[in-house]
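> Same order as they appear, the protein sequences are chains B and H. By the numbering used here, the letter at position 94 of the first sequence is numbered 94, and the numbering carries on one by one without gaps. By the numbering used here, the letter at position 2 of the second sequence is numbered 2, and the numbering carries on one by one without gaps.
Honestly, the hints are just simulated from the structure, not real lab data. Just so you know, not all the hints are guaranteed correct.
[Stated by the list, open to error] Have a look at the derived ranges for each label pair, beta carbon to beta carbon:
1. H:129 with B:135: 51 to 59 Å
2. B:89 with H:216: 48 to 56 Å
3. B:201 with H:29: 15 to 23 Å
4. H:81 with B:58: 41 to 49 Å
5. H:204 with B:2: 23 to 31 Å
6. H:82 with B:2: 36 to 44 Å
[To be verified] These stretches of chain B come out as covered by chain H in the derived footprint (C-beta under 8 Å, 3 or more residues):
7. 13-21
8. 64-78
9. 81-87
10. 147-156
11. 166-172
Beta carbons are placed, not taken as given, at the ideal position from N, Cα and C, and that holds for glycine.
There are 2 protein chains.
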Amino acid sequence: MSFTTVFVLFPNVTQLDFTGPLQVLHRMPGATTHIAAKTLDPVPSDCGLSLVPTTTFADCPQADLVCVPGGFGVSGAIADAETVAFVRAQGAKARYVTSVCTGAFVLGAAGLLQGKRATTHWAYRHLLPEVGAIREDARVVRDGGVVTGGGVTAGIDFAFTVLAEIAGPEIAQGIQLALEYNPAPPFDAGGPDRAPESLMNLVSGFWTDRTREFAGELAALKR
Amino acid sequence: MSFTTVFVLFPNVTQLDFTGPLQVLHRMPGATTHIAAKTLDPVPSDCGLSLVPTTTFADCPQADLVCVPGGFGVSGAIADAETVAFVRAQGAKARYVTSVCTGAFVLGAAGLLQGKRATTHWAYRHLLPEVGAIREDARVVRDGGVVTGGGVTAGIDFAFTVLAEIAGPEIAQGIQLALEYNPAPPFDAGGPDRAPESLMNLVSGFWTDRTREFAGELAALKR
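Given the sequences, and given the hints that come with them, work out the whole structure.
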């Protein structure tokens, strides 16, 4: 089997949105992985870590699966014509058009979520209709070839879901075993429905401000 | 609060061993994170992705928490005097001496696991006594200031565990919510005790060969 996976990088990407699925999908037998950015210069992530692309948008082969991670850098990515055009062109021919976290809005800016059921980071889900998508409150959502994951760590569950479909459940389970993916979080606060009320009260202002600002950025795209 | 976290990189590191905890610990309020390697050149990981260090072993400040990720590149790391000396020197003064996956053996090669309870990737746990450690079959193990995580994705659970201790459970839960760490693996095959027997039969030869080879590499350290 030959399969080409393309990850899209941009400055201030939340690195785990990308590195989680990369770790899972890179081990797919017969898969070739490309990490594409505007130039070959290292791309700064949100964690002080810079990530080195393997190819440029101009030189990147066509993907069977294209994956766009998220992060606060999505604000820049959706406003960048070159990045959006690359995602649109790849998405038009890819078998799987995918995102993790707020990467969904880059797919949306490229017109790839029109009428599609999709998910994103929990705090941003109400904004999915702004890019033509149908909001679904789930960790991984599939609508035809469009597969979207929730916030950050949901990218790992997303990756195992698509891996099982592409390579079969046995391969997916073998990679799950190799990566010892048997999660045991010390707290149960990974979503707004399970986090303590006191925590939600503490952080809701931050997320409200941030998503209001982002809503304005999305609105600016339509002008 | 001022807190210095140091991650140690080496060629062919399993990138998620490092990028998972990095994503969690980097958001600790008041924390400074250094990503240290022999030189400032990008370090190739196991996934075709190169990672850019922020400092060299020579220039790296003393850590409050030093974390060594694992991967097949550990074979090279334990045989490299400069890497082992850096981990030994950092570990001597750090409040937390930590590892993810087979990074435990780098701590071991530096003499930091003598008489300590520790864990590592499930396939390598039987080799922990070779570096003086007491094997524990758990996802995260703490023995005084030594905190070790199991294979690859265990690094995320490890990171939330130490984060809660350093910064308090409320900060840990806030970051868990921000990273939407509410895992939902599509399969339950993340450990040898839960993977289907057919899968274990399929992969056990690979892991037996690999760990036998690694046992020889550990034995060579003692000569």
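> With 23 to 31 Å as the target window, see if residue 204 of chain H and residue 2 of chain B comply at their CB atoms.
Given range 23 to 31 Å: holds, Cβ gap about 28 Å.
> State, for the Cβ atoms of residue 82 of chain H and residue 2 of chain B, whether the hinted interval 36 to 44 Å holds or is violated.
holds (40 Å)
> Under a C-beta cut-off of less than 8 Å, do 3 or more residues of the stretch 81-87 of chain B approach chain H closely enough to confirm the stated coverage?
That given contact is violated, which follows from only 0 residues of the stretch 81-87 of chain B lying within Cβ reach (below 8 Å) of chain H.
> Between the beta carbons of residue 129 of chain H and residue 135 of chain B, is the distance compatible with 51 to 59 Å?
holds (53 Å)
> Cut-off 8 Å, C-beta pairs, minimum 3 residues; does the coverage of the stretch 64-78 of chain B by chain H stand?
violated (count 0)
> Falls inside 41 to 49 Å, the C-beta gap from residue 81 of chain H to residue 58 of chain B?
holds (43 Å)
> Three or more residues of the stretch 147-156 of chain B near chain H by CB distance under 8 Å?
That given contact holds, which follows from 6 residues of the stretch 147-156 of chain B lying within Cβ reach (below 8 Å) of chain H.
> Confirm or reject the claim that residue 89 of chain B and residue 216 of chain H have a C-beta distance inside 48 to 56 Å.
Holds: the Cβ-Cβ distance is about 50 Å, inside 48 to 56 Å.
> Please check whether the stretch 13-21 of chain B has three or more residues whose CB lies within less than 8 Å of a CB on chain H.
The restraint on the stretch 13-21 of chain B holds, since 5 of its residues have a Cβ under 8 Å from chain H and three suffice.
> Given as covered by chain H, does the stretch 166-172 of chain B meet the bar of three residues or more with CB within less than 8 Å?
holds (count 3)
> Just to be sure I understand the hint, the distance between the Cβ atoms of residue 201 of chain B and residue 29 of chain H should be within 15 to 23 Å; is that true here?
At roughly 18 Å between Cβ atoms, residue 29 of chain H and residue 201 of chain B fall inside 15 to 23 Å, so the hint holds.
This entry does not satisfy hints 8 and 9, going by the numbered hints stated previously.
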